[in-house]
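S.K.: Using the sequences and the accompanying hints, generate a full structural model.
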Amino acid sequence: MTTPDGRPDQQPDSSNAAWSIVSYLLGGMAVWGGAGWLLDRWTGQEALFFPIGLIVGIAGALYIVYVRFGRP
Amino acid sequence: MFADLALLAAQEETHEGSCHFETGDCGFPAPSADIFELDPYATFSLFGLEFHITKYVVLAAIGVVLIVGFFFLAFRVPRLVPSRLQSVGELGYLFVRDQISRQVIGKKGEYFVPFLVSLFFFVWVFNLFAVIPAGQFPVTSKLAFPAALSAMVWLIFNYVGIRNQGFVGYFKNMAFPPGVPKALYIILTPIELFSTLLVRPFTLAVRLFANMFAGHLLLTTFTVAAWYLFSSNPFGLIFSATSFILTVVLTAFEMFIQALQAFIFTLLTASYIGGALEAEH
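Protein sequences, first through last, are from chains A and B.
Residue 1011, in this note's numbering, is where the first sequence stops; the numbers in between run on with no holes.
Residue 276, in this note's numbering, is where the second sequence stops; the numbers in between run on with no holes.
These are calculated hints, taken from the structure and not from any lab test.
For each residue, glycine too, the CB sits at the ideal point set by N, CA and C.
Be aware that one or more of the hints could be misleading.
Said to hold, decoys possible - One side of the interface only, derived from the structure: several residues of chain B facing chain A at Cβ under 7 Å:
id : residue
1  : Val175
2  : Ala178
3  : Ile181
4  : Ile182
5  : Leu183
6  : Pro185
7  : Phe189
8  : Ser190
9  : Val194
10 : Arg195
M.R.: If you want it as structure tokens, here you go:
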């Protein structure tokens, strides 16, 4: 359960990776989708920046997941 | 006159909620989110705020009394060779301490074990009220309860992070993951901040709420189906019996889900606290 010097056997990363991925994806889509949506309202476009923002958000979120959990 | 009766019957069948259970030839009264709206037993005003004492509040109070009473009685006179009640209490406490706190946080988490134990048992008992006959509502199916618990957890893990890593240090470590080309920070930092500070407590609360809400709705649907099919026609008896057996099976499944959701809530809380205690590497 704990190694001799008291650190946990299961690093926090492994146990919250799954829910963190969900969090990051939702957060990414919300932040950059929201920014895209606001930009759409500001420039009067119908649906131009909103999908771009969503995709940027998803890409960013996946990159964060890779940085935090995927690197050896 | 017959045309009027036919019109009336047609109107009655299409109008929502005007079917009578006695005739049994109306549509299935499917339970919706309305079943969670309860009339309060008492209402009073304090400092301009209105308090409704509904069944949820009463069940929550009973849950509190049960848990506090149990642990108080179990550890009132602790002995080295434990009595039976103390053994059960120790079982509960050690389960959270060993399987959740030590696995996820490590030694530094000893300080938080009482909080995690309380959280686990409160969520579990609140969930259990869904299958106890007089209660029959999972207290956590009202969003306010998981939301309040999640807000508490959010305050705690942010406070712990700020106290351990310093105010600036905590947010810097959160917002700027190491090993990323500097130009990408413009895209990544808002995502990090938003997902850690806002999405985390939201998903923590909604996960618990949605599981309990859906489970209760499912049980209600099959129970109403068992009753409704019973009053229809002879073939309905077979379907009604099937529905009843399914209700029993789903109750067992629901009890498993309740314990699992309590465990997941506590596990994630421990994980967030553990993440706040150590700087991200």
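S.K.: Of the hints given before, which are not true for this structure?
M.R.: 2 and 3
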